Amino acid sequence: NAGVTQTPKFQVLKTGQSMTLQCAQDMNHNSMYWYRQDPGMGLRLIYYSASEGTTDKGEVPNGYNVSRLNKREFSLRLESAAPSQTSVYFCASSVRASSHSEQYFGPGTRLTVT
Amino acid sequence: LAKTTQPISMDSYEGQEVNITCSHNNIATNDYITWYQQFPSQGPRFIIQGYKTKVTNEVASLFIPADRKSSTLSLPRVSLSDTAVYYCLVGPNSGGYQKVTFGTGTKLQVIP
Chain D
5 NAGVTQTPKF QVLKTGQSMT LQCAQDMNHN SMYWYRQDPG MGLRLIYYSA SEGTTDKGEV
65 PNGYNVSRLN KREFSLRLES AAPSQTSVYF CASSVRASSH SEQYFGPGTR LTVT
Chain A
2 LAKTTQPISM DSYEGQEVNI TCSHNNIATN DYITWYQQFP SQGPRFIIQG YKTKVTNEVA
62 SLFIPADRKS STLSLPRVSL SDTAVYYCLV GPNSGGYQKV TFGTGTKLQV IP
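Residue numbers (the numbering used here), protein chains in the order written: chain D, 5 to 118; chain A, 2 to 113.
Think of the hints as simulated: they come from the structure by calculation, not from any bench.
Quick caveat, the model's predicted, so the values are computed rather than measured.
It is possible that some hints are incorrect.
Claimed, not checked - To give an idea of the interface, some chain D residues facing chain A are shown, with a C-beta separation under 8 Å as derived from the structure:
id: 1; residue: MET45
id: 2; residue: GLY46
id: 3; residue: TYR52
id: 4; residue: GLN107
Stated by the list, open to error - According to the in silico footprint, chain D covers these stretches of chain A (three or more CB under 8 Å from chain D):
id: 5; region: 36-48
id: 6; region: 101-108
Ideal placement from N, C-alpha and C gives every residue a C-beta, glycine not left out.
All chains, please: the whole structure from these sequences, using the hints.
Printed below as a string of structure tokens:
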């Protein structure tokens, strides 16, 4: 299993440009998440999808939109990038095992907006 | 979402046991406590989760007192490879879905 994959790994945008960050998981997980992590900070939840067909705002949703395309894929779109969106973006998916619930994270996308 | 407070950083010598305490005074009845580990340039990785008392797995133990307002992650005999940031999260579980908040974490530095 590849786990959680994210594309691209790196991206540089100019202010005002748009782009979509892609995320896919092959673990048949119901729930998926998008986080951002600024330097020296913890992760902040942007959007999440508790199950296929549903999406909800997290802590910092402004400037972003998401699409849960199917059970495997959850994309994050920046319609008009701003320098404040320079960050590392992590996608995650989660499952409830017999003893606990666990989020699995992708490798991250490093985005710079100039 | 419950707010958590943890030390910003800790140092430990190799081979020692490390205990990282997290405070979560406003934890709700249906909230679980989860710890993650993050290495530089990587996504976080699950360590352990518990609801009450003590939970142990192959890498760590989690101690939760009866009032659940705090928890302690215990890492036995740390090695240099345990140098990382450790996050304490509090939030509900519902069929595998977790809505949790990552704080700034505790940066653990293991010294040879």
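Hint validity - GLY46 of chain D Cβ closer than 8 Å to any chain A Cβ: holds, 4 Å
Coverage of the region 36-48 of chain A by chain D (three or more Cβ within 8 Å): With 7 residues close enough to chain D, the hint holds.
Hint validity - MET45 of chain D Cβ closer than 8 Å to any chain A Cβ: Cβ of MET45 of chain D sits 6 Å from chain A, so the hint holds.
Coverage assertion for the region 101-108 of chain A with respect to chain D, Cβ distance below 8 Å, three residues required: That given contact holds, which follows from 6 residues of the region 101-108 of chain A lying within Cβ reach (below 8 Å) of chain D.
Interface hint compliance - GLN107 of chain D to chain A, C-beta minimum distance less than 8 Å: holds, 6 Å
Status of the TYR52 of chain D interface restraint (C-beta, 8 Å, chain A): Cβ of TYR52 of chain D sits 7 Å from chain A, so the hint holds.
Hint compliance for this structure: no hint is broken.
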